[in-house]
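There are 2 protein chains.
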Amino acid sequence: MVKRQGKYTLRFETCPQIQGFASVAGEKESKGPLGSEFHRIIYDPRAGCPTFEQGESRFQQEALSLALEHSGHKGDELDFVFAGDLLNQCVSSSFALGAFSAPYLGQYGACSTMAQALIMSAVFVESGAANLAAAVTSSHFASAERQYRFPLDYGAVRTPTAQRTVTGSGACVVGKGNCTSLPVIEAATVGRIVDPGVTDANNMGAAMAQAAADTLLRYFEDTGEETESFDGIFTGDLGFVGSQILLELLNKEGLCIDKLHNDCGKMIFYREEQDVHAGGSGCGCAASVLCSHLLRKFVSGEYKNILFMATGALMSPTSSQQGLSIPSVAHLVKICAPR
Amino acid sequence: MVKRQGKYTLRFETCPQIQGFASVAGEKESKGPLGSEFHRIIYDPRAGCPTFEQGESRFQQEALSLALEHSGHKGDELDFVFAGDLLNQCVSSSFALGAFSAPYLGQYGACSTMAQALIMSAVFVESGAANLAAAVTSSHFASAERQYRFPLDYGAVRTPTAQRTVTGSGACVVGKGNCTSLPVIEAATVGRIVDPGVTDANNMGAAMAQAAADTLLRYFEDTGEETESFDGIFTGDLGFVGSQILLELLNKEGLCIDKLHNDCGKMIFYREEQDVHAGGSGCGCAASVLCSHLLRKFVSGEYKNILFMATGALMSPTSSQQGLSIPSVAHLVKICAPR
Chain C
0 MVKRQGKYTL RFETCPQIQG FASVAGEKES KGPLGSEFHR IIYDPRAGCP
50 TFEQGESRFQ QEALSLALEH SGHKGDELDF VFAGDLLNQC VSSSFALGAF
100 SAPYLGQYGA CSTMAQALIM SAVFVESGAA NLAAAVTSSH FASAERQYRF
150 PLDYGAVRTP TAQRTVTGSG ACVVGKGNCT SLPVIEAATV GRIVDPGVTD
200 ANNMGAAMAQ AAADTLLRYF EDTGEETESF DGIFTGDLGF VGSQILLELL
250 NKEGLCIDKL HNDCGKMIFY REEQDVHAGG SGCGCAASVL CSHLLRKFVS
300 GEYKNILFMA TGALMSPTSS QQGLSIPSVA HLVKICAPR
Chain X
0 MVKRQGKYTL RFETCPQIQG FASVAGEKES KGPLGSEFHR IIYDPRAGCP
50 TFEQGESRFQ QEALSLALEH SGHKGDELDF VFAGDLLNQC VSSSFALGAF
100 SAPYLGQYGA CSTMAQALIM SAVFVESGAA NLAAAVTSSH FASAERQYRF
150 PLDYGAVRTP TAQRTVTGSG ACVVGKGNCT SLPVIEAATV GRIVDPGVTD
200 ANNMGAAMAQ AAADTLLRYF EDTGEETESF DGIFTGDLGF VGSQILLELL
250 NKEGLCIDKL HNDCGKMIFY REEQDVHAGG SGCGCAASVL CSHLLRKFVS
300 GEYKNILFMA TGALMSPTSS QQGLSIPSVA HLVKICAPR
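Quick note, the sequences are listed as chains C and X, same order. The first sequence: position 225 = 224 (the numbering used here), numbered continuously. The second sequence: position 242 = 241 (the numbering used here), numbered continuously.
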């Protein structure tokens with residue numbers, strides 16, 4: 000059974016385990032600080048396919064195949080796949096995951112989708128609905144740029160607050176398990192839609208920071224836990240601008256996580272050398288950082304306890320063109336070493 | 000706990016109850032066979048808003064507000080809202096549901112989203128993750144036409160196999176309950192992605208029929224139930240073309256549901272008089288038919304047991320322009336009178 004703690008937080012008593020995880024990233028990401036930690040680098044942005052969009056699907060397929068391999072399970076053992084991406088109608092996922100023949104439940108939380116899919120996997124495993132579930136997301140710089148902004152060939156100039164969509168994918172295979180070296184999902188807080196009125200789609204970090212603060216404050220209020228019990232609190236993807244705003248918002252509320260906090264959008268690129276402005280973004284950013292650097296540190300024993308909170312900006316190009324602000328959401332997952 | 004039956008089917012032992020439901024439809028839908036059964040008709044396609052897209056959000060808000068009212072619950076009692084729509088980045092939902100301040104988990108299953116959101120609600124309630132959850136979806140003829148096909152002003156001619164996107168929304172409030180007059184969710188089978196190779200985005204019924212057959216065959220294989228035990232088996236939205244294909248596919252497999260079957264896309268419009276070609280479609284079609292005609296028949300005592308299976312075509316305009324076929328999915332929910 001899933002238990003509720005406080006008004007918003009879910010606790011998973013049997014602690015669904017991340018039995019396998021994998022990350023796949025593109026060439027630019029391979030040159031960033033986490034380059035050596037991704038499980039596979041695909042240098043061709045089309046991944047051998049005719050289009051960027053199909054290439055992105057290939058990234059997802061690779062990530063899920065590798066995560067399954069690492070878990071020791073086969074695709075036909077998957078009871079459910081929870082997946083999503085940024086493309087219109089989530090086509091990277093639907094074209095990727097038919098290959099696995101598993102029951103499919105498409106998720107949309109923009110860049111928060113990896114945390115959302117992990118929460119779904121945990122609820123389904125904990126409840127008995129699934130013995131084995133997978134969470135997969137991806138994003139792709141080239142497919143996102145032409146959908147959200149301009150075709151690459153236009154050579155459009157980006158603003159300093161703009162984030163760069165990560166080309167990458169991450170996948171987790173979640174099941175009941177008691178392997179002593181693999182992390183478990185112990186709790187989760189689902190985000191509410193928060194809209195602070197930011198209308199600049201090139202400054203999504205500012206819009207999402209409020210949602211991140213809302214979720215994190217509710218988590219600590221519900222659980223009464225101390226920030227010091229965590230090895231780190233990782234958001235994704237507020238980038239440099241949004242991260243700063245988050246810390247300021249939390250400090251105003253008396254919650255200081257300055258020394259514990261990092262953001263997947265800050266971690267994945269060298270800001271100056273790689274000219275990424277406000278950092279990385281995209282469903283594939285938080286997913287590929289989680290499924291490389293962060294989860295590897297549980298396997299090595301360095302981490303015992305983290306919060307992973309992915310943030311999503313829920314606007315569309317149409318809503319932005321119509322002058323609307325950016326509703327945002329942040330979903331939080333507590334990941335721990337097994338007891 | 001959620002129980003698994005056979006390889007694919009979920010059974011909800013405490014039978015989460017649909018404590019309130021509501022449907023909101025547009026003017027054309029109000030003139031169809033179900034016109035008198037919708038809970039509210041909004042005649043202005045912009046619902047008093049500046050744009051069709053914002054109008055669609057208003058339809059969702061109205062449907063959820065009414066469903067809450069019917070359930071006797073208030074918005075702040077909702078532990079989770081599961082919602083989705085057809086617009087890019089699911090903006091009808093994200094702009095609609097911020098108003099309710101409930102934790103939000105966006106779902107994307109194209110026109111299958113209502114069944115998917117109901118399954119999520121049932122799993123979350125059954126598992127203890129939620130005391131009260133809501134499932135909401137919408138679609139809108141004008142916002143869908145200009146996104147998927149052409150702006151209305153172009154006066155584009157539609158093919159005979161094309162379906163007309165329904166302007167409407169449906170919402171269900173799901174919780175633990177034992178009201179004797181309200182239906183419960185007893186079982187569900189989640190769809191797999193099926194791609195029969197149809198590339199004509201104006202013939203989505205043909206693409207989705209295979210997915211519908213796949214899910215229905217797995218449900219009967221898992222449960223061993225007899226078709227005769229049902230008052231009806233309702234798909235949404237295969238329309239006239241897809242429905243015929245589904246029945247043929249099932250007959251080939253030895254499953255005859257011809258006398259029990261109807262399709263939300265066939266039920267919502269008068270085909271000839273309303274010039275709707277192959278019938279209705281859209282997340283709002285299955286949702287508004289379920290949350291009016293179908294669920295009302297449980298309240299009146301006419302129905303005891305139905306299968307509601309919403310189908311989705313998971314392509315995008317981009318994937319279709321790139322020449323790809325249409326991956327499809329169908330999610331099934333068994334809805335019963337309480338025991």
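Since the hints were derived computationally from the structure, they do not count as laboratory data. Any given hint could be a false lead.
The list makes no distinction among identical chains, and a pair is therefore deemed to hold if it is satisfied within one copy or across any two copies.
In silico DSSO-like cross-links for lysine-lysine, where the CA-CA straight-line distance does not exceed 30 Å [what the hints assert, rightly or not]:
no., residue 1, residue 2
1, Lys2, Lys30
2, Lys6, Lys175
3, Lys175, Lys2
4, Lys6, Lys73
5, Lys27, Lys175
Subject >> Violations among the numbered hints >> reply: 1, 5
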